[in-house]
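Engineer: Whole structure, please, built from the sequences with the hints as guidance.
Protein chains: 2
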Amino acid sequence: MEERIYNFSAGPATLPLPALEAARKDLLNYQGIGMSVLEIRHRSQVFAEIIEKAQANLRHLLNVPDHYQILFFQGGASLQFSMVAMNFLRGSGKSADYILTGSWGNKAIKEAKKEGTVRVVWDGKEGNYHRIPEPSELDFYPDAAYVHATPNETIQGVEFSSPPDTGDVPLVCDMSSDFLSCPIDVEKYGIIYAGAQKNAGPAGVTLVILREDLLDRIPENLPSLLDYRTMVKGKSLYNTPPVFAIYFVMLVTRWLRDEIGGLEKMAVLNEGKAKTLYDVIDSSDGFYRGHAEPGSRSNMNVTWRLPSENLEKEFVRRAKEKGLDGLKGHRSVGGIRASIYNAMPVSGVESLREFMLEFRSENGS
Amino acid sequence: MEERIYNFSAGPATLPLPALEAARKDLLNYQGIGMSVLEIRHRSQVFAEIIEKAQANLRHLLNVPDHYQILFFQGGASLQFSMVAMNFLRGSGKSADYILTGSWGNKAIKEAKKEGTVRVVWDGKEGNYHRIPEPSELDFYPDAAYVHATPNETIQGVEFSSPPDTGDVPLVCDMSSDFLSCPIDVEKYGIIYAGAQKNAGPAGVTLVILREDLLDRIPENLPSLLDYRTMVKGKSLYNTPPVFAIYFVMLVTRWLRDEIGGLEKMAVLNEGKAKTLYDVIDSSDGFYRGHAEPGSRSNMNVTWRLPSENLEKEFVRRAKEKGLDGLKGHRSVGGIRASIYNAMPVSGVESLREFMLEFRSENGS
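Just so you know, the sequences run in chain order A and B. The opening position of the first sequence corresponds to residue 1 in the working numbering, with each subsequent residue numbered one higher. The opening position of the second sequence corresponds to residue 1 in the working numbering, with each subsequent residue numbered one higher.
No lab work stands behind these hints: they were computed from the structure. Built from N, CA and C at the ideal position, the CB exists for glycine as well. Treat the hints loosely; a few may be bogus.
For the chain A half of the interface with chain B, some residues (derived, Cβ under 10 Å), not all of them [to be verified]:
id, residue
1, R24
2, I40
3, F73
4, L79
5, Q197
6, P202
7, A203
8, G204
9, G364
Derived Cβ-Cβ restraints for the label pairs, each shown as a range [stated by the list, open to error]:
id, chain 1, residue 1, chain 2, residue 2, range
10, A, S308, B, V232, 34 to 42 Å
11, B, H330, A, N221, 22 to 30 Å
12, B, E187, A, S162, 44 to 52 Å
13, A, N63, B, K322, 40 to 48 Å
14, A, V120, B, E220, 21 to 29 Å
15, A, R318, B, R24, 30 to 38 Å
Structural biologist: What follows is the structure, encoded as structure tokens:
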């Protein structure tokens, strides 16, 4: 087998090698039961153990209290944009407060507006979403249905260092790109949702952590599959779930727990990786210019520009030749984006650092 | 590696061994690109080729005309129950006609009623859904929004031998459990949808074949992800799709095309497999009693009872010891169900036949 490269894509993203190796081992015959993990039925004892292990790993890693449900959906964060608003805004007689710090927040707002009244309490559009609001800039309706935020914006590379204080109003967070990257205090949130394909597994499953008392607020007559109560009642098995993707979440969370040693340790690694790249940017005499303001910088998606678009193209091309793939920035920010999720090893970031130094010394003025 | 068993589960179900072997080969390093097929980004050229191949294989196998779109969704048939009604019943000023031949049709009706007026044009409840209606029993509203049918009911094991003639009213079919099992005339359908996890791949992706002119009937302001036009416009890549499941559909359809030789050949194999089991049932002097009437029998899900529930339990237990797994019938029908989808080899059905003969000779009166 040829060597694996370093994949800096924003998602689907690189996965832990031990999880991939375990999946390959189970692919024709899961644990000796005579069938592939792709073939096991979702109501079998074998799958019950897999999904329970995945939930137990998540509960352990994030220290999820008992009055929070851990659920598995399909449809990604994009379907959650609608589900959150259908379940908690539609017919509530209230408005919802949205903090807008980047592209994904914008999409969440677009869907919520179809279901009810949305109030954008802060909009980072000025400056192309290069920073997170100060607490003093945020003023929530005490009677809002919920406050929605995107703690890490994958495209712009801005990240909250701590969740906004919303008082008694439930905080709903699209945590797709920083889920499991560091410890959080789950009790500060009403709902956390995350597409798995950055830090938790492959594309095809969405993780939802939901405070149980919120279930009472859901209106009747929603499509069954889009009513959070259906998945609570059916224990994420109302209909056929994405068995393989959930199995893979179990493998990734097992790796996080047993091989990394938990989220405190993961956070230290992630901060170190991010610092490595930001240090190169900050000491480049303006050759590399970070998109996010220093206090708002993401530990997951590092975004920066070069002196010209031609140099940016050349950077991406040459990096790819060196086995550093997926570095092209999103068109709405331009430049370079290095996604350095949990599964990106320190060695990958070190390789990128060396390449950045080399590229600057060859192309810097 | 221990031997693989024969898996008669209704879904997730057995998969073609060559597809599993190909997936295992690509699991750490897809075609030498240095990353797993689970890690490739959905907007990469590599994935564009995979999804285009999957679509091309489906178009070839089913002879799908150019004015039909082939789309990939998440959420299974259960989400399609709602989507069909949200897109084509809600706000249409029309009612929709549903043919009810089993458990899945019932669920489709439950969701459609939330969106508009449903008329159940035929209900097989009497006799616990043991037969398909005669054409003379069906009378459709000429102005219905659509007619919905479930050509194969997975739980009851009843199957239409040809689609009902709905004239100018679009026929919408939940083909989850007979999709790709035999050739069909796609032009007879307005929309075909199918969860992949029976005949087309693993759980986690839903296939939709949709006649393009129907897109004009969709109301505004649906959640983006639940509006068929979003997926048409985004070429099934509006948001992150279930990359691995789509890749696996590509492998399964390639196997169908290249190794089986197309759906005519697949249909011959499937009819042969079904006949093998129904012959054992019919020549058992009433020891095995088929649930479905002979003219309504499914080639995919063969359902039958034994003289007592104790014998049924014993049958399932002993079969499992012989490597014949997943034969317990659904609780709403009871008894035994053998799901013999495309990927179930003739040798598996032969083994089951031998076991049935042996079990009867040991336990028959």
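Engineer: Against this structure, judge whether each hint is valid.
Structural biologist: Okay, the hints, checked on the actual structure:
1. Taken as an interface hint, A:R24 checks out: its beta carbon lies about 4 Å from the nearest beta carbon of chain B, inside 10 Å.
2. At about 6 Å, the closest approach between the beta carbon of A:I40 and any beta carbon in chain B falls short of 10 Å, and the interface hint on this residue holds.
3. Proximity of A:F73 to chain B holds as hinted, the smallest CB-CB distance being about 9 Å (cut-off 10 Å).
4. Restraint check, A:L79 versus chain B: the minimum CB separation of about 5 Å is within 10 Å; hint holds.
5. Taking 10 Å as the C-beta cut-off, the interface hint given for A:Q197 holds, the closest approach to chain B being about 6 Å.
6. Interface restraint check: A:P202 against chain B, minimum CB-CB distance 4 Å, threshold 10 Å, status holds.
7. Interface hint at A:A203: satisfied, since its Cβ lies 5 Å from the closest Cβ of chain B, which is below the 10 Å cut-off.
8. Given the 10 Å rule on beta carbons, the hint for A:G204 holds: about 3 Å separates it from the nearest Cβ of chain B.
9. Interface restraint check: A:G364 against chain B, minimum CB-CB distance 29 Å, threshold 10 Å, status violated.
10. A:S308 and B:V232 have their C-beta atoms about 38 Å apart, which keeps the hinted 34 to 42 Å range intact.
11. For the pair B:H330 and A:N221, the beta carbons lie near 27 Å from each other, so the given range of 22 to 30 Å is met.
12. Range check, B:E187 to A:S162: about 58 Å between beta-carbon atoms, so the 44 to 52 Å window is missed.
13. A hinted range of 40 to 48 Å holds for the C-beta pair A:N63 and B:K322, which are about 46 Å apart.
14. Remark: the range hint 21 to 29 Å for A:V120 to B:E220 is upheld by a beta-carbon distance near 22 Å.
15. For the pair A:R318 and B:R24, the supplied restraint of 30 to 38 Å holds, since their beta-carbon distance comes to about 34 Å.
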